[in-house]
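S.K.: Take a look at the letters that make up each chain.
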Amino acid sequence: MNYIDGFRDPDAAARYRVTLAQLGQELADQGGRACFMEVCGSHTMAIARFAIRDFLPPAVTLVSGPGCPVCVTDPGYIDAAIELAGQGKIIVTFGDMMRVPGSRSTLAKSRAAGGWIESCYSPVTALELARAHPEREIVFLAIGFETTVAPVLAMLDTARRSALPNLTLLVAFKLVPPVLAALIADPELKIDGFLCPAHVSAVIGANAYRPFAENHGVACVVAGFEPLDILYGVEGLLRQKIAGRATVDNQYNRVVRPEGNPVAQRLMDHYLMPAAVSWRGLGVIPASGLVLRPEFAQFDAEQRHQLTLQPGRPNPHCLCGEVLKGKIRPAQCALFGVACHPDHPLGPCMVSSEGSCAAEYRFASGVTP
Amino acid sequence: MNHDHILLAHGGGGRLSHQLITQEILTRFGSGPLASLPDAAALELDSSRIRFTTDGFVVQPLEFPGGNIGDLAVHGTVNDLAVSGARPRWLSLGLILEEGLPLTLLRRVLDSVQRAAADCGVIVATGDTKVVRRGQCDGLYITSSGIGEALPGFDLRLDRILPGDRILVSGPLGDHGAAILAAREGFENFHTPVSDSRPVHRLVEGVASLAWGIRFMRDPTRGGLATVLNEMTTGQDFGMLIRARELPFSPGTAALAEMMGLDLLHVASEGCLVMVCAAEVAEAILEFWRTLPEGEKARAIGVVTADQAGRVILESAIGGLRVVDVPSGELLPRIC
Chain A
1 MNYIDGFRDP DAAARYRVTL AQLGQELADQ GGRACFMEVC GSHTMAIARF
51 AIRDFLPPAV TLVSGPGCPV CVTDPGYIDA AIELAGQGKI IVTFGDMMRV
101 PGSRSTLAKS RAAGGWIESC YSPVTALELA RAHPEREIVF LAIGFETTVA
151 PVLAMLDTAR RSALPNLTLL VAFKLVPPVL AALIADPELK IDGFLCPAHV
201 SAVIGANAYR PFAENHGVAC VVAGFEPLDI LYGVEGLLRQ KIAGRATVDN
251 QYNRVVRPEG NPVAQRLMDH YLMPAAVSWR GLGVIPASGL VLRPEFAQFD
301 AEQRHQLTLQ PGRPNPHCLC GEVLKGKIRP AQCALFGVAC HPDHPLGPCM
351 VSSEGSCAAE YRFASGVTP
Chain B
1 MNHDHILLAH GGGGRLSHQL ITQEILTRFG SGPLASLPDA AALELDSSRI
51 RFTTDGFVVQ PLEFPGGNIG DLAVHGTVND LAVSGARPRW LSLGLILEEG
101 LPLTLLRRVL DSVQRAAADC GVIVATGDTK VVRRGQCDGL YITSSGIGEA
151 LPGFDLRLDR ILPGDRILVS GPLGDHGAAI LAAREGFENF HTPVSDSRPV
201 HRLVEGVASL AWGIRFMRDP TRGGLATVLN EMTTGQDFGM LIRARELPFS
251 PGTAALAEMM GLDLLHVASE GCLVMVCAAE VAEAILEFWR TLPEGEKARA
301 IGVVTADQAG RVILESAIGG LRVVDVPSGE LLPRIC
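From first to last, the protein sequence lines are chains A and B.
Sequential numbering of the first sequence, starting at 1, is according to our numbering.
Sequential numbering of the second sequence, starting at 1, is according to our numbering.
Certain hints may be false.
Short derived list, chain B residues pointing at chain A, Cβ under 10 Å [stated by the list, open to error]:
no., residue
1, G56
2, A183
3, R245
4, L247
5, M260
6, G261
7, D263
8, R322
9, V326
10, S328
Simulated from the structure, these hints should not be mistaken for lab results.
We treat Cβ as the ideally placed atom computed from N, Cα and C, and that holds for glycine.
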């Protein structure tokens, strides 16, 4: 733990508090304010867990972006997974998906009603189940951003090489750069900078953000997930804002390379191709997802069972879409903490521990004792 | 016994049932009130102030690093009595066995029950054995009730908690839940977490002379420290402030939590005591606890506050403040 402790040093954090206060004052003296978006759910979680908003000067707002894969999964996808469970398939999923509301039900309720639904920490669980139950079809719920896509494909690659006939993916992979482009194009949104994801960037590379900085004037800082990484990242964004610059600053260069991870990229390109996909709360965004190439249709649960993913019906009062776009804070939604809370989530942002609403509900930060 | 596995007939009341009881139960627990297999144990206490508790144990896997379902059942029941300010005296042992359970496994579990009961100074006074069909339970379930004598001097009530009181924990948090998770997920490559399944009654009895300053005690099992502290503060006119830097964690447990994204405030311990006490007695209690192996890592983790009424506030590792909420949903099913 000594390695991690170095990134959680309270004395260093106290120095960032002073630095950020000075920079915040400098910006306020210019008559400015800054709004930065942390794109990734793991950042949202760390910001809440370590009470990082407590360190921000008044002139700086940090809003949470669409980077929790569970939160942006369309209700229609959950409906399809429930349908497959009802047909006797073994569903394997990351645990956070269990309580995500579909149009009518959840996977947790489907399991209680007799569906075989396994939650897993690693996609490899699906391989093990496929080998152990050759008579059943195993459907892996393949959601996630670039970080998750690569290990899921590594699992699929193993299944294909060992000619396992009973393993399929229900694919809802999503890509970070296209959704950031969609957010920038929204005239209602005014974002001065992106705190770019740590591990997604390890796959796609820091260069992937250059168009946002160079063409749209949005500062981009790639930051790690530890609290000092995040404070350092906010400092970097604030310095760019004050100087009127917009560049890509890779502060997580102990992991992220400019070009990313070419092995993972080749694997993704081999199996997948871009497609327009639906994001809960954001709608359909062109080329923002990845689907299996036609030659791998046998591994595609949607094609194999002729499912057509229907856009689901989210709760009409749920403002998760606005939260995901960073337009409102969770507490500004009328359902927040009243009808919608972690034990009874109505919207996706309340379900995942990485969701903005769950994080804000659990870790309401900035309390003054 | 001539069989390697539990058969339905072991629960049928006939010869095999009798064999199971005499060979596996009476050999281990037959020296006391259980000797003549009465329908009810005859017990006598000097005190009329007793504490009575019950619990069910369904943990999977049945054996895990640091213990098994047998010692867990004893410790769980003993600890519920201890944190109520009682000296544990008698336990019941209800066994629900699945057809096909390997007898060697049952013996290991019963040996653990025997050892743990001896270590806690409690007597298994009554019990029951049932066998269910394959598939109707997951190997072995245990139910256990416990009777304890109230220790003089303890007056444990939430309304005695005052601002300025100290919050103490007797050892590392979250080891049991982490050990179960590691065992289920097959993590064996690094410092594997080890369950802290162990009794806390010595930690309580040893500080009985300071009982006047002890306000309240709990053991942070399911839901972890966050749940216990929230149960203490919800609806009260005081709050609590705890400091992340003071929280004791075992290195293997902390490493697993980082990898799995677990918040250890929500993870169960099975051999840890959380105490709220007057500031005047806190140091003396910690000093005594640290003389025992189960209290070696004891720490003062925070204070009771006059403001933030009804809330538990954490000062994070880097010095920010946030609310500590209870976990929602199932963090880990069937950990005890």
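S.K.: All hints, please: hold or fail.
M.R.: Against the structure, the hints come out as follows:
1. The beta carbon of B:G56 comes no nearer than 20 Å to any beta carbon in chain A, farther than 10 Å, and the hint placing it at the interface is violated.
2. For the restraint placing B:A183 at the interface with chain A, the shortest Cβ-Cβ distance is roughly 13 Å, beyond the 10 Å limit, so the hint is violated.
3. Interface restraint check: B:R245 against chain A, minimum CB-CB distance 7 Å, threshold 10 Å, status holds.
4. Given hint, B:L247 at the interface with chain A, is violated; its Cβ is 13 Å from that chain's nearest Cβ, farther than 10 Å.
5. Interface hint at B:M260: satisfied, since its Cβ lies 7 Å from the closest Cβ of chain A, which is below the 10 Å cut-off.
6. This hint holds: B:G261 has a C-beta 7 Å from the nearest C-beta of chain A, less than the 10 Å allowed.
7. Restraint check, B:D263 versus chain A: the minimum CB separation of about 7 Å is within 10 Å; hint holds.
8. Checking B:R322 against chain A: minimum C-beta separation of about 4 Å stays under 10 Å; hint holds.
9. At about 9 Å, the closest approach between the beta carbon of B:V326 and any beta carbon in chain A falls short of 10 Å, and the interface hint on this residue holds.
10. Because the smallest distance between the Cβ of B:S328 and any Cβ of chain A comes to about 4 Å, under 10 Å, the interface hint for this residue holds.
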